[in-house]
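Student: Sequence:
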Amino acid sequence: PALRGRGRPRGRLAAELHAAALRAGAVIRTSAPVVSVSTGVDGAIVLQGGETVHAGQVVIATGPSAAARLLDVEVAPAAPVRLTVAEITAHGLTRSPAGSGVIVAPDVPTPAKALTHVDAKWEWAAAALPPGTSVVRLSARDGEAGGLDAPVDIARAVRVLTGVHVAPAEVRAHTRVDWPDAVCTPTTRALLADAAERRGIHLAGAIAAGTGLASVIPHARRIAADLLSHPIPHEGARHVR
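Here the working numbering is used: the first residue of the sequence shown is 1, the next is one more, and so on.
Quick caveat, the hints were computed from the structure, so don't treat them as lab data.
Be aware that one or more of the hints could be misleading.
Stated by the list, open to error - Quick list of simulated restraints, FRET-style, between CB atoms:
#1 Leu129 / Gly212: 18 to 26 Å
#2 Arg95 / Arg172: 16 to 24 Å
#3 Gly163 / Arg29: 44 to 52 Å
What the hints assert, rightly or not - With a Cα cut of at most 25 Å, we get these calculated SDA-like pairs of lysine to any residue:
#4 Lys113 / Arg95
#5 Lys113 / Ile103
#6 Lys121 / Ile217
Don't be surprised by glycine CBs; every beta carbon is placed ideally from N, CA and C.
Work out the full structure: start from the sequences and follow the hints.
Tutor: Here is the structure:
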């Protein structure tokens, strides 16, 4: 696993990046949706409400549908992603019977396409949990369908994928996470890359590098190095929160 042994929860990544950016003199602006981007000698980023920010270099790091709107290119709608995260007290799970997780074959009768045993994969997660408690993340085959929303459904899926008997009452807590604009197909990625290149715009994140931090982080570092090697005269059109 790309993050095994790092010793820090992935949830801290945004906070660490925020702090590093501020130390480097960046200004971060939130709750400021971008409605259009133009490029040129003095490119313009138009925000909701009509405000304009000028920038010599633009990097788009969004989901595929949002990037397509900003680049004025038509792409197929992104398939939604649905995750269910559950805290389970079944004793058999503490032995990590499926290791750090499983990818599910299409013919297995379950609405989950993957299971991640969170505390088996990341030591920081195991250290944060009470004894006898495990956390699993189930990825739904169909991001728009149900089947992993109730304790009885979660218990059934975990039994199928790990072989451990889990009673619905042992699913002590669960939550659902939906990502409506996350999956970027190779066709969409190629269309976005072509449109961005023609307009002199950089793309970052999964829309350019593919999924997973092991792909996204090195790609982002290459973009940053390239931007820093070509400073612009009016570099630093600063934003405020």
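Student: May I ask which of the numbered hints given earlier this structure violates, with the numbers listed in increasing order?
Tutor: Checked against the structure, no hint fails, so every one of them is satisfied.
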